[in-house]
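Keeping their order, the protein sequence lines are chains A and B.
First residue of the first sequence? That's 1 in the numbering used here, and the numbers climb one at a time after it.
First residue of the second sequence? That's 1 in the numbering used here, and the numbers climb one at a time after it.
Hint data in this document are derived by calculation from the structure and do not stem from the laboratory.
Just so you know, nobody snuck in bad clues.
Chain B residues, not near chain A, derived (Cβ > 10 Å throughout):
| hint | residue |
| --- | --- |
| 1 | G102 |
| 2 | G109 |
| 3 | T237 |
For the chain A half of the interface with chain B, some residues (derived, Cβ under 10 Å), not all of them:
| hint | residue |
| --- | --- |
| 4 | V73 |
| 5 | D80 |
| 6 | V86 |
| 7 | I112 |
| 8 | A164 |
| 9 | L179 |
| 10 | M221 |
All C-beta atoms in this analysis are idealised placements derived from N, C-alpha and C, irrespective of residue type, glycine included.
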Amino acid sequence: MDDIADAPLPADRESAVAATDAASTASPKSERPNYELQHARDRALVEQALGGNLEAFNELVTIYQDYLFALVVRVVNDRDSAADAVQEAFFSCYRNLNRFRGDSFRSWLTRIALNAATDILRYRKRRPADPFPEWEDDSWQPPADVEASPERQVMRRQSSRMLATAMSQITDDQRRAILLFDAEGFDYQEIADMTGVSLGTVKSRIHRGRLALRDILAPDMELLRE
Amino acid sequence: MSVHNGRSLTRSEHRRHDRLLVTRFAMDDAYPSERDEAIKLIETCSDCASLAADVRVIAMAMPRLAVAPRTRDFTITHEQAERLRGSGLSRWLRTLAMPGWGALRPVAGVALSIGLVMAVVGAGVPGMQPASELSTDRTNPGASPAAVPAAQATQEPMVPEVGTDSGVESGPPGEQGPLVVDSARETEDPASRTLDTAYVAASPERDLDSKSPELTQSVATDPSRDLLVYGGLIIATLSLALLALAWVARRYFADPFLR
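Bound-form chain B, shown alone (with noise of 0.2 Å):
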């Protein structure tokens, strides 16, 4: 039991007080909104004074603690440090480890989200195909299912045009082709013109490149296209490549007390 002022503090009252913060303020680390309380505990209740006491005697005492001897000695030796510098590729992925490229990872991940998206954009595209293809439908007599419907579009409303001007009744447009086609250069009428190229399209025999408008349009957007889908493919194998080599540095090369 403590005794102060005429007024005796049980060792229950004391455990009511704040001792945390009777030894912060004993290492004068108490915040200054704290310390008249700090100074209250101290100089109401003795064993906050004493235990204010004693724990800067404790701290005092630290640097005093015993000191074990030495072991072994811990230079390194030649051989150690080969075998610690490791070979190119080992120090290259231990830096590719630093917690400095941890940005790797998130990068990459976007990238391959990038390239997958813009591989799956270019093949996935109704009506269009890569250019490559079309170089082949055009020595291809089965043409291209692009080509064929966009030709029979163009063709198809020209028809009763010219029909009604060379007075050819109209049918099944595959079968009267040439037919219109040779009324319409026999009078040279302009509209024909545009018949014939719609005939192009749809003919496998006649030159592509030189006749139809729309596919010359057409063919023109598919390098771009071919870009999209190998260049969405080649981002994505990259990072994914770049993913790889980030997880296999960080799983067995980066050190463990760097952290």
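If we strip away everything but chain A, and leave its shape as in the complex, we get (with noise of 0.2 Å):
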């Protein structure tokens, strides 16, 4: 980007240039914690589950449960269903946890999680209903800010509740593989192995969903933009 920064920049430009280098700073990528150590604890408890202690394969739910529910739900929509894929996909965990050889428990049990939200989608597809009933229920909060004044927070909400339908209305592939890698901050690698797909798709998917996104968002961008 710095050969862009040396050329005369049109008027949109330098505000492009300016939040490229936000999204340097405020990437997923860069907030990302300690992986490694996560998965040494998360080893550890796999192993004492396969000894046949279940508290630790509960300790294993207790810790990812609130992360799994909250990308299952962007993904399906629902929180009924969302309930059922993420207990699904727990029970599924536990029947299988032998089967856990990747580094990664997190990483393992999003994809099955993902797998059984696709099922529910599949099954929607089949029997369409009310496609997303619960974009206008108020207890989806966007993440607390204790800083943020009333009206920010207002503001904030309502961006937030703007960026969810947006995204209602996209791809089920491409709402997936945009959660994973905006949102939960998983690389490229990553989500084409939990979605089984090659690592072109994912990138398609991600920059076609933005591009999508843009497209949908483009007369309240003003509002994101605070």
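Two independent chains are provided; combine them into the complex using the hints.
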């Protein structure tokens, strides 16, 4: 991006470059915690659970249930279905714990939960009803920001709902890929492994999804920039 | 309408631009060979520049997406755990349903084919039969259909030779057999011993094992024929059972979420 910065900028390009700088500092990737420690902890708990310690497995459930529910409910947009999918995912995980070979238990669990969510989406396509009943529900809250003023919190809530509504209008595959990449911080390869598609397909879904989101959100972009 | 360097860019011109390239470039995901083109687009088209900026804003806004509160606790009770573990048989079938055992079905299919071929080849070659049937034939005066023609074939060329030596006229082998043997024994001709052997094969009353080298050889190969037939059948049956097991495991015990 440095070579672009040296060139004379059109009016909108200054804001574009500024946004790039901000993105590089606020990227979810830079906020990712030390996963090595998590992996070690998870592997130890899995070992104990394989030895018959149900409490160890339930500790894993406690660690990941909020994350998993938040992810799945964004994918399927229905809390009851999401709860069923997450419960099934934990059941499946418990049944097949001896098959966990990978480095990251979180990735493995996410893949199982996404497969469960995909099954729900397929079922819903076969029997279409109200596609996204949850978006008008006030119990959905953006991540808390204690220092934000009440006005700012209202705006955040509004922009968050707007974004969620736009997310519901892109394809399931694009939504899943964008959530995993932008919201959950997985990298392209991890998403490819989880969803069983090639790296190129993952990138394509993410970029096309972002482009679709931008087209949907174009009239309200100012609110998102706040 | 966008204006840049004195040149006006209309919306229709922007529509012709590679918006996906701009989107990829905005997230630093364009190939090096595409960067120049993307930079040119952003520099010359304000719509492309605003697209790049918006895409970054959207990506940054994603972590702020609303989160729904969890509706229940997903921890597993002891009863659920017991039910999920299942019986030893179901655990074993679940193992068979794992992707790592995916080679089981093709291997069992190949083994089934081999077993069937072995059984068919063992049972179907003309002029041969299982040893079990031959041992029955030895005690059966009806004689084996395989042994009799073989014996006749051995005997027929010998008859004129013996007949010439002993002055006996040739006739139907079945009728003159005992006469020929008797006269040959009297002369102690070496050729008569061969005839004697041939006669033994044709005569059900005589001991087969001690007299006929051809039949002895034939009987010696029959256990391997048995092995071929019964071995093939056993392999085919086992393969079929494995195939059925693999089908049941995949149909009823495969985990739908571990694909």
